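Guided by the hints, dock chain B onto chain A, whose structure is given.
Below, each chain spelled out in residue letters.
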Amino acid sequence: MVQRLDYLKETPSQTAGPYVHIGLAPGAAGFDIYRQELGWDIAGPNAKGERIRVEGVVIDGTGNPVKDVLIEAWQANAAGIYAHPEGGGEVEDGFRGWGRVITDFETGEWGFDTVKPGPVRARRKLGSGPLHPPAHANDDWQGRADEAHHDMAPHINLWIVARGINIGLNTRMYFEDEGAANATDPVLNLIEWESRRPTLIAKQAGMRDGVQVYRFDIRLQGEGETVFFDI
Amino acid sequence: MSGPAEYYQRDRERHPPAYTRDYKTSVARSPSKALISLQQSVSEVTGPVFGHNDIDPIDNDLIHNYAKPGESPIGERIIVHGRVLDENGRPVPNTLVEAWQANAGGRYRHKKDTYLAPIDPNFGGCGRTLTDENGYYFFRTVKPGAYPWRNWVNNWRPAHIHMSVFGTSFSQRLITQCYFEGDPLIAQCPIVKTIPSQDAIDSLIAALDMNATVPLDSIAYKFDIVLRGRRSTLFENRLEGN
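So the sequences go chain by chain: A and B.
Numbering of the first sequence is given in our numbering, commencing with residue -4 and proceeding in unit increments.
Numbering of the second sequence is given in our numbering, commencing with residue 79 and proceeding in unit increments.
If you are wondering where the hints come from, they were derived from the structure by calculation, not from laboratory data.
Fair warning: this is a prediction, and the values are worked out from it, not measured in the lab.
Some hints here could point you the wrong way.
[Unchecked claim] Below are the DMTMM-like pairs computed for lysine to aspartate or glutamate, each with C-alpha atoms no more than 20 Å apart in a straight line:
| # | chain 1 | residue 1 | chain 2 | residue 2 |
| --- | --- | --- | --- | --- |
| 1 | A | 4 | B | 302 |
| 2 | A | 111 | A | 173 |
| 3 | B | 146 | B | 134 |
| 4 | B | 190 | A | 104 |
| 5 | A | 4 | B | 165 |
| 6 | B | 189 | A | 104 |
| 7 | A | 4 | B | 277 |
| 8 | B | 300 | B | 277 |
| 9 | A | 111 | A | 88 |
| 10 | A | 111 | A | 45 |
| 11 | B | 190 | A | 101 |
| 12 | B | 300 | B | 165 |
| 13 | A | 43 | A | 172 |
| 14 | B | 190 | A | 99 |
| 15 | B | 111 | A | 212 |
| 16 | B | 221 | B | 149 |
| 17 | B | 146 | A | 27 |
| 18 | B | 111 | A | 220 |
| 19 | B | 190 | A | 27 |
| 20 | A | 4 | B | 89 |
| 21 | A | 4 | A | 225 |
| 22 | B | 111 | A | 218 |
| 23 | B | 111 | A | 225 |
| 24 | B | 189 | A | 101 |
Next up, chain A with everything else stripped away, as it sits in the complex:
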């Protein structure tokens, strides 16, 4: 026997089940318990940029809407900065970049209001350079001398949980009107099957109350199945 690696193992996932709403979105489900519910306001009042609305429905493998989904969104601000210590800079006061919504129990429709995110800095390509600094390295040695990828096109990260989903599904929502940026996006281009890339692109669905609406339907299984990621 070799030595044991002393890493712990990640706690296994379980489905969020049919009553996820009372736990994570009680107010949205009509249950008044907390002074303030988290996740209702993604961008906050001070966020710069274009106000948008995103709407959709989640469809199962039988073609029916899923009416008990909870979706979380995680996005950068209009300058491409995340509200996190490693997010690339400062964000507007009150900008959280995270929110969550539940589907309508009758129709399965969901939607959220936010600002359109800006392009986000991408990781660089992995090269074959040395992993550790050479002895004579300058202070600004950065490990790899290869080319940067293009910035990532504006996108919103989504995480979907529900009854019947054993481990949360990660996907990304891109924007139809960002064709040039989408064409060079390193993640979209990672998807070998070009016919699957459009499943990640939200369609412009007109203006409502002066706000651009984007439509993003998510298909869990089968025809037009949305691309999901192992992040």
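Below, chain B alone, put in the same frame as chain A:
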């Protein structure tokens, strides 16, 4: 920068697969195509940050956060406590842990739950808390009851508390369920058995923790949660992560 330090690859042979026939709802809700693997970018290594302004101190006390003044829910008074750690064994401080559950009779306060066991007027069934500097959290609650569900004709969920944890990045986001030591329904449950290995199932079973009970008040169960660990930044001389 060559890119942010990544979190360790998720061991998807330890997690339940998407398609698990005996848990029937998964049949039409599981993607049929393979997941696309991403090298993590700033999009994945960041995630929402929460603070004490977001929640109230009573939010983790399910015995009192919905009860009328001077009253409390019916059921076995318990403390569920533990630590949130990463795979490197380090505590995850200041992270949001949310919990929800049925009452002592197995009934959820949810309009879609029509089980004939009654609602408890003094029990809401949800709570939330932030881990402390050592990754420690606790909830006070009543032990949930088992309840029947429409899967096979006669399926009963073991007593369980749903747990949701954020960690420090969106890639660590996790929802799971906490079960209780000694419950014979665990071995029969198709949702539990979506998890492929017994070892992984065992890691979801909270142990009776007599040392943490409050004598003449509450029994305690210990439930530690492990989130994904993080790789070191490759170009640093001294590896932060290892």
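Comparing the hints with the structure gives:
| no. | hint | verdict |
| --- | --- | --- |
| 1 | 4(A) x 302(B) | holds (11 Å) |
| 2 | 111(A) x 173(A) | holds (11 Å) |
| 3 | 146(B) x 134(B) | holds (17 Å) |
| 4 | 190(B) x 104(A) | holds (17 Å) |
| 5 | 4(A) x 165(B) | holds (6 Å) |
| 6 | 189(B) x 104(A) | holds (18 Å) |
| 7 | 4(A) x 277(B) | holds (10 Å) |
| 8 | 300(B) x 277(B) | holds (17 Å) |
| 9 | 111(A) x 88(A) | holds (17 Å) |
| 10 | 111(A) x 45(A) | holds (6 Å) |
| 11 | 190(B) x 101(A) | holds (11 Å) |
| 12 | 300(B) x 165(B) | holds (18 Å) |
| 13 | 43(A) x 172(A) | holds (19 Å) |
| 14 | 190(B) x 99(A) | holds (12 Å) |
| 15 | 111(B) x 212(A) | holds (17 Å) |
| 16 | 221(B) x 149(B) | holds (17 Å) |
| 17 | 146(B) x 27(A) | holds (14 Å) |
| 18 | 111(B) x 220(A) | holds (8 Å) |
| 19 | 190(B) x 27(A) | holds (16 Å) |
| 20 | 4(A) x 89(B) | holds (8 Å) |
| 21 | 4(A) x 225(A) | holds (17 Å) |
| 22 | 111(B) x 218(A) | holds (11 Å) |
| 23 | 111(B) x 225(A) | holds (12 Å) |
| 24 | 189(B) x 101(A) | holds (12 Å) |
Going through the hint list in order, the structure satisfies each hint without exception.
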